[in-house]
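Chemist: Residue numbers (our numbering), protein chains in the order written: chain A, 1 to 112; chain B, 1 to 271.
Simulated from the structure, these hints should not be mistaken for laboratory data. Since the model is a prediction, treat every value here as computed from it, not as a measurement. Where hints are given, some of them may not hold.
Not the full set, but computed from the structure, chain B residues with beta-carbon under 8 angstroms of chain A [claimed, not checked]:
#1 His53
#2 Ile54
#3 Arg60
Pair ranges (Cβ atoms, derived) [as the list claims (entries may be wrong)]:
#4 Ala67(A) with Ala159(B): 37 to 45 angstroms
#5 Arg220(B) with Arg66(A): 22 to 30 angstroms
#6 Ala84(B) with Lys19(A): 17 to 25 angstroms
#7 Ser218(B) with Ala41(A): 35 to 43 angstroms
#8 Glu93(B) with Thr50(A): 48 to 56 angstroms
#9 Arg246(B) with Lys19(A): 39 to 47 angstroms
#10 Ala31(A) with Arg173(B): 53 to 61 angstroms
#11 Lys19(A) with Pro244(B): 42 to 50 angstroms
#12 Ser168(B) with Leu44(A): 47 to 55 angstroms
Not the full set, but computed from the structure, chain B residues with beta-carbon under 10 angstroms of chain A [stated by the list, open to error]:
#13 Val55
#14 Gln58
#15 Pro59
#16 Phe76
#17 Gln80
#18 Ile144
#19 Phe145
#20 Thr185
#21 Val186
#22 Gly187
#23 Ala188
#24 Pro189
#25 Met191
#26 Glu192
#27 Asn227
#28 Gly228
Using N, Cα and C, we set each Cβ at its ideal position, and we do this for glycine too.
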Amino acid sequence: MKAATLTQFLVDITRGHRKDEFARDPQGVLATSRLDDGLRAAVLSQDIGTLWLAGAHPMALMYFARAGGWANERYYRCIGDTELRRAASAEAAPSAAPGPSQTHRSSAPHAP
Amino acid sequence: MLAAATVHFPTMTGWPERASDAHRAATTAGFARLGRAFADAGIETLVVFTSEHIVNLQPRLAPPFLIGVGESHEAFPEPQFKLAPLARRGDPELAEELVRGLYARGFDPAHSSELRLDHGTTLPLAQLGIGAEIRVVPIIVNSIFPPLPTLRRCRELGAAVAAAIGGSTSRRRVALLATGGISHTVGAPGMERNDPDFDAAFLGALAEGDLERACSHSDRVLDAAGNGTHEVRNWVAVASAMQPARPTVVTAIAFAPGWDTGVHQLLWETA
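Looking at chain A on its own, in the form it has when it is part of the complex:
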């Protein structure tokens, strides 16, 4: 799954052509999306941490959270906590693959 695909989906359902449809029938929209099952579940349950780790663009993810009724404080606390957990996990397994936070960086765009 490319992070760009996830980001595009979040854009489509928060401010794009599938916004109204998603509001009416989120499961139906997800079923026709290119997201895998894990990300579909994360979108449906507003699992912001998982979507963050999957490399969703920060701005698109923030809009998605807001659309779901999240206050900014809750959103930033969630991704901050997620980053802390990711850092702790990387520390415990230093030979692991590069952390997905790099997918949020312009110098390493949209890595899968």
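Using the hints provided, position chain B relative to the given structure of chain A.
Modeler: Then chain B, alone, in the frame of chain A:
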């Protein structure tokens, strides 16, 4: 030609009370000074190097440079920032001249007849008091979906736009505006702070007219200063368009607590 550059962070209109009285007053005074300069120059068209926040650009289609050539530009509704959703009058004649002029100079910008403007453009236009009669030609520089155009390419773009305006037959009184943050973060950890050291270094280079130094920052350095820092591309473009003129520093607040960012504004005036 006249040009200005200003930040456009929306907390200044959405939550002005969060900043100190002094910072709020300085920001208001800065916008007033820039707005007066535009009014005194009797500008007819404002060419705006701007950034946007997933209104026109998406992963699906994210050109490095996108010029609005429409008769008007609708506003993307952002009531949370207390911005009136005013459509802005376009300048199709000059915009098309710019597109063709850039083609002739080795640039291939995308163009759109239906751009929508978000706070990256609507906020500074409102704060500057730019009247509805002033035509607006937005040049959106991709600063959100990598790969992004390099700073050096943005520098070249600014020079090419200035040359195209200089060769225009539309005979408008044109001014330039750059909008966007210096260092800041949106939607990612670190949104409560900026990087005053980066800001000082970058703005110092612009103030000295040293665009080689201003463009020396890699995307990694900009990332480290905050993901919104990529909007400095707009400042580089305008600084380049105004070379060899050097700007006057109108507002320089290294960090405004409550707004949680720096407030910076520059003005280029040439005879």
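Chemist: Given Phe145(B) as an interface hint, is the shortest Cβ-Cβ distance to chain A below 10 angstroms?
Modeler: 7 angstroms, holds
Chemist: Can Gly228(B) be said to touch chain A, with a Cβ gap under 10 angstroms?
Modeler: 9 angstroms, holds
Chemist: How about Met191(B): closest beta carbon in chain A under 10 angstroms, or not?
Modeler: 6 angstroms, holds
Chemist: Would the hint on Pro189(B) stand, with a C-beta cut-off of 10 angstroms toward chain A?
Modeler: 5 angstroms, holds
Chemist: Does the Cβ-Cβ separation between Ala84(B) and Lys19(A) fall within 17 to 25 angstroms?
Modeler: Roughly 23 angstroms apart at Cβ, these two residues keep to the hinted range, so it holds.
Chemist: Are Ser168(B) and Leu44(A) spaced within 47 to 55 angstroms by their CB atoms?
Modeler: 53 angstroms, holds
Chemist: Take the shortest C-beta to C-beta distance between Val55(B) and chain A; is it under 10 angstroms?
Modeler: 7 angstroms, holds
Chemist: Does the interface hint hold: is Pro59(B) within less than 10 angstroms of chain A, judged Cβ to Cβ?
Modeler: 4 angstroms, holds
Chemist: In this structure, is the beta-carbon distance linking Ala31(A) and Arg173(B) contained in 53 to 61 angstroms?
Modeler: Once the Cβ atoms are compared, 55 angstroms apart, the range 53 to 61 angstroms for Arg173(B) and Ala31(A) holds.
Chemist: For the hint on Ile144(B), just tell me whether its beta-carbon gets within less than 10 angstroms of chain A.
Modeler: 6 angstroms, holds
Chemist: So does Arg220(B) sit 22 to 30 angstroms from Arg66(A), Cβ to Cβ?
Modeler: 29 angstroms, holds
Chemist: Quick check on a hinted range of 37 to 45 angstroms for Ala67(A) and Ala159(B), using CB atoms only.
Modeler: With a Cβ separation near 41 angstroms, Ala67(A) and Ala159(B) satisfy 37 to 45 angstroms, so the hint holds.
Hint check: no violations occur; every hint is consistent with the structure.
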